[in-house]
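Visitor: Here are the chains, one letter per residue:
There are 2 protein chains.
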Amino acid sequence: MKIAVSGKGGVGKTTISAYFAKRFAKEGYQVYAVDADPDLSLGTVLGIENSDIANLKPIVDMRDVIAAKSGGGGSFYSLNPDVDDVLDEYAINLGNIKFFKMGAVKQGGSSCYCRENSFLNSLMNSLLLKKNDVVVLDMGAGIEHLTRGTSKGVDAIVVVTEPTVVSVQTAKVVSNLARELEIKSVKFVGNKIRRPEEKEFLLKQLPAADILGCVSYNDHMLDAALGIETTEGSAGFEEEMDQIFQNLVKDVQV
Amino acid sequence: MKIAVSGKGGVGKTTISAYFAKRFAKEGYQVYAVDADPDLSLGTVLGIENSDIANLKPIVDMRDVIAAKSGGGGSFYSLNPDVDDVLDEYAINLGNIKFFKMGAVKQGGSSCYCRENSFLNSLMNSLLLKKNDVVVLDMGAGIEHLTRGTSKGVDAIVVVTEPTVVSVQTAKVVSNLARELEIKSVKFVGNKIRRPEEKEFLLKQLPAADILGCVSYNDHMLDAALGIETTEGSAGFEEEMDQIFQNLVKDVQV
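As given, the protein sequences belong to chains A and B, one line each in that order. If you use UniProt numbering, the first sequence corresponds to residues 1 to 254, in order. If you use UniProt numbering, the second sequence corresponds to residues 1 to 254, in order.
Same shape as in the complex, but just chain A (with noise of 0.2 Å):
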């Protein structure tokens, strides 16, 4: 299964991208995790150190290999991870997870990640995937990703939303947008509710049945944020995550 984590920025898209690629590996799927903003922060929330990240080659470069592979005519082969090693070259491994980036970053005026976000797609549908494969990509914030069609051919899109007024318009276009892509299952995650009037706002402004579930606000969070080492107050995050997960299993089914 294919999911793409979506949403405004900063409403949390990369902590429940890090939460379902640690869930589904502690569950035994292989996870193939894809930091796909170039504002690369996936990674560093997985536990892996900047200058590992720094180093990893980023999955464009893999463009000339595959193109030599496939005998240069342009056209992609199926890229099947069980007998062929090429992606084992891109990826950092933590357990079950193969972590990926997107792109690297590059000079200021240099260019932009058009290139990144095409081939990313190209991959993305030349993957074959088994039953207990995972991919969970981390999209850059806002909509160009869906414009681009970089998440085209995901089977479900995670939208993220705060309970702001524009949060929520951000996740009704991403919603819109998603459909115009074709992509079956739309879902929402309300993030970072503060106050019961929040998690009602979310719930007048987008559709009950589409929203797995709500993480509330806690210091836990902001502890971890801070880079502060903590197990205090995660259990109330656990607990809604896990409902979550819960949700998206039953209805994306994996």
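Calculated from the structure, these hints are not laboratory results. Just so you know, not all the hints are guaranteed correct.
One copy or two, either will do: identical chains are not told apart, so a pair holds if it fits within one copy or between any two.
What the hints assert, rightly or not - DSS-like, lysine-lysine: derived pairs with alpha carbons at most 25 Å apart:
hint: 1; residue 1: Lys-152; residue 2: Lys-204
hint: 2; residue 1: Lys-184; residue 2: Lys-106
hint: 3; residue 1: Lys-204; residue 2: Lys-57
hint: 4; residue 1: Lys-106; residue 2: Lys-172
hint: 5; residue 1: Lys-57; residue 2: Lys-69
hint: 6; residue 1: Lys-131; residue 2: Lys-250
hint: 7; residue 1: Lys-57; residue 2: Lys-172
hint: 8; residue 1: Lys-131; residue 2: Lys-106
hint: 9; residue 1: Lys-172; residue 2: Lys-131
hint: 10; residue 1: Lys-152; residue 2: Lys-26
hint: 11; residue 1: Lys-250; residue 2: Lys-184
Let chain A serve as the given structure and place chain B on it in line with the hints.
Guide: What follows is chain B alone, placed relative to chain A:
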């Protein structure tokens, strides 16, 4: 003066941009406020109706008009808002603020926003400003507007950051890219500060002399985010932002 507001997704770029636009307008400047994020929100925060934003012609549509006026040679004439009314067709007027949007929301899979970014850059560079004119650009989340060079040519970039590891990481990448673009003034604003250790964290991570100031997290913002009108708790925000504004004006010498 041309100011771009940048930073990781969700750090509060739009809130800070809207404050700057309104504040400069209040001080008697003519403000050109540009939403340079395809995931539009500056207009909403400035209080413009969604339908009016949706109906507004995006800046990128100016391209053909300007090309025709320039004699069609592909090069730009210097756009002088004093004698030239081409801008007015693309603006929503709010007192001393003229609001623009870089691009419109597109269809899923239709295209990137490279053309929009490239044209915005040309337009900014061809705009003749008077002493009392200020451009405030609310950039898209992350780093792509810098690798694309959209913000090349601004006088100052204000990098907004939350007190989190990943947000500060982005702020540093943004500031390096801004220097590669030879932007003279690169300043930071700490936002959503909840605890004293968070402010300390920022002071440890970023050069103190380049921090314009810090903004506390407050319930006023939460209510505003839910679309609830309130002035309660806004005094602290106004005070902190006033200090930041004073420092900005002093530092970049409007």
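Visitor: Hint by hint, note whether the structure agrees.
Guide: Do the hints match the structure? See the list:
Taking CA atoms no more than 25 Å apart as the test, Lys-152 paired with Lys-204 passes in neither setting, with 28 Å inside one copy and 42 Å between copies. With identical chains, the CA atoms of Lys-184 and Lys-106 are at most 25 Å apart between copies only, with a shortest distance of 20 Å across copies and 34 Å within one. Taking the closest pair of Cα atoms, Lys-204 and Lys-57 never come within 25 Å of each other, the shortest separation being 44 Å inside a single copy and 31 Å across copies. Taking the shortest Cα distances, Lys-106 and Lys-172 sit within 25 Å of each other only across copies (14 Å), while inside one copy they are farther apart (31 Å).
When the C-alpha separation of Lys-57 and Lys-69 is checked against a cutoff of 25 Å, the pair qualifies only within one copy, where the shortest distance is 18 Å, while the shortest distance between copies is 47 Å. Taking the shortest alpha-carbon separations for Lys-131 and Lys-250, only the intra-copy value of 15 Å comes in at or below 25 Å, while the best inter-copy value is 61 Å. Taking identical chains as interchangeable, the C-alpha atoms of Lys-57 and Lys-172 lie at most 25 Å apart only when they sit on different chains, with a minimum of 21 Å there against 34 Å within one chain. When the C-alpha separation of Lys-131 and Lys-106 is checked against a cutoff of 25 Å, the pair qualifies neither within a copy, at 36 Å, nor between copies, at 34 Å.
Taking the closest pair of Cα atoms, Lys-172 and Lys-131 never come within 25 Å of each other, the shortest separation being 31 Å inside a single copy and 41 Å across copies. Taking identical chains as interchangeable, the C-alpha atoms of Lys-152 and Lys-26 are never at most 25 Å apart, the minima being 27 Å within one chain and 45 Å between chains. Only within a single protomer do Lys-250 and Lys-184 lie at most 25 Å apart by alpha-carbon distance; the minimum there is 14 Å, versus 53 Å between protomers.
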